[in-house]
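There are 2 protein chains.
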Amino acid sequence: MSAIATNRKATFENLMQPWSVGIDVITGVMDKPDRTLVRRASDMKGYYRDHAALQKLIAAGDPVHYEVFEKELPEEYGHLLLCISKLYPGTVGDECFMTKGHYHTVAGTGEVYLCLRGEGYMIMKTEDGRTNEQKFAPSRMVYVPPFWAHRSVNTGDEPLISFCVYPADAGHNYGDIEKQGFPQKITRRDGRVEMR
Amino acid sequence: MSAIATNRKATFENLMQPWSVGIDVITGVMDKPDRTLVRRASDMKGYYRDHAALQKLIAAGDPVHYEVFEKELPEEYGHLLLCISKLYPGTVGDECFMTKGHYHTVAGTGEVYLCLRGEGYMIMKTEDGRTNEQKFAPSRMVYVPPFWAHRSVNTGDEPLISFCVYPADAGHNYGDIEKQGFPQKITRRDGRVEMR
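Same order as they appear, the protein sequences are chains A and B.
Heads up, the first sequence is in this note's numbering, so the first residue is -11 and it goes up one at a time.
Heads up, the second sequence is in this note's numbering, so the first residue is -11 and it goes up one at a time.
Worth flagging that the hints you see were computed from the coordinates, not collected in a lab.
Just to be clear, a hint being listed does not mean it is correct.
Since copy identity is lost for identical chains, a pair holds within one copy or between any two.
As the list claims (entries may be wrong) - Distance condition first, Cα-Cα at most 30 Å in a straight line; then the derived DSBU-like pairs of lysine-lysine:
{"hint": "1", "residue 1": "Lys123", "residue 2": "Lys(-3)"}
{"hint": "2", "residue 1": "Lys(-3)", "residue 2": "Lys173"}
{"hint": "3", "residue 1": "Lys20", "residue 2": "Lys123"}
{"hint": "4", "residue 1": "Lys44", "residue 2": "Lys173"}
Bear in mind the structure is a predicted one, so any value in this text is a computation, not a measurement.
Starting from the given sequences, assemble the full structure and let the hints guide the process.
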């Protein structure tokens, strides 16, 4: 998950051997990932409106917010990075748990999310202020086209799990997100989900 | 499925709206594909050793051999093409049903195959004679690295179905395959599968 695009290409001299991995399409579990990115509540400071509620969550054990299970691959044009994204259920105040969200460093690269478990939304925005949302449900595939910043939001009671594929040279760019967030807020109160 | 790489890139001026599609991870069915590529027995002339057996199959109704269900996307760097590949079960003589197989026109691009149903192999080769095989089974993901020609082979009794993702500028190149095929042959006789 480098923030810097590499401008490298896959070469025949560095030929990779084919391989396979178990990705359970029912449970959403990747067999022996090479890397696991773990984001806890304390990694999400500034991302939710209700700072006091987040502090309370951190004080109560700082639970895992989301995990990304990855296979190690060269971050080069031609390869495809793939991962399982697992976002836990819950709220901070009334705001549903969400990922930080990111643009790609090579902004003109897209991403495929095949939802395997759970429910929620992919919320998206562009640098010039356009917005879009797509529903996540098992067996629903969301296409994030090039140039769209994207964030997953879990509106359900179980983990929201997706299988993701994107160009290996894309990189991650948190850009304006840490300061500005996304225009869309998704809340849940007494089981009722709202987007504004 | 153009044979020619486009050398185009996704641009912000041609910004695509996000979208989603149903891809049933149990049945392997894509909801309303934009295109369906259909290969019948008669499209496979020259690909199997037993020409007489293939002729017999063609005469007996020329059944569908495999289908590729696709979403329409610009064949440009930055986008990701995605499809469902559905290869029917059967044999031509004792050789298991298989796809034609292809290199990518931009040879240095890979592909991800997440198997949803059925059983079989991804057989692969490089232009300089290396070979590799990976087993297909539900919830098994095969990574085809850049530069590897790849062909699916169905060794089971039901359709072999995979969800595939690859760079949209990759293109398809049948290269030396139509004349030389792949070194690996997979046969099935009285239910017993063999690779040589």
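Checked hints:
no.	hint	result
1	Lys123 x Lys(-3)	between (34 Å within a copy, 28 Å between copies)
2	Lys(-3) x Lys173	neither (38 Å within a copy, 32 Å between copies)
3	Lys20 x Lys123	both (29 Å within a copy, 17 Å between copies)
4	Lys44 x Lys173	within (20 Å within a copy, 62 Å between copies)
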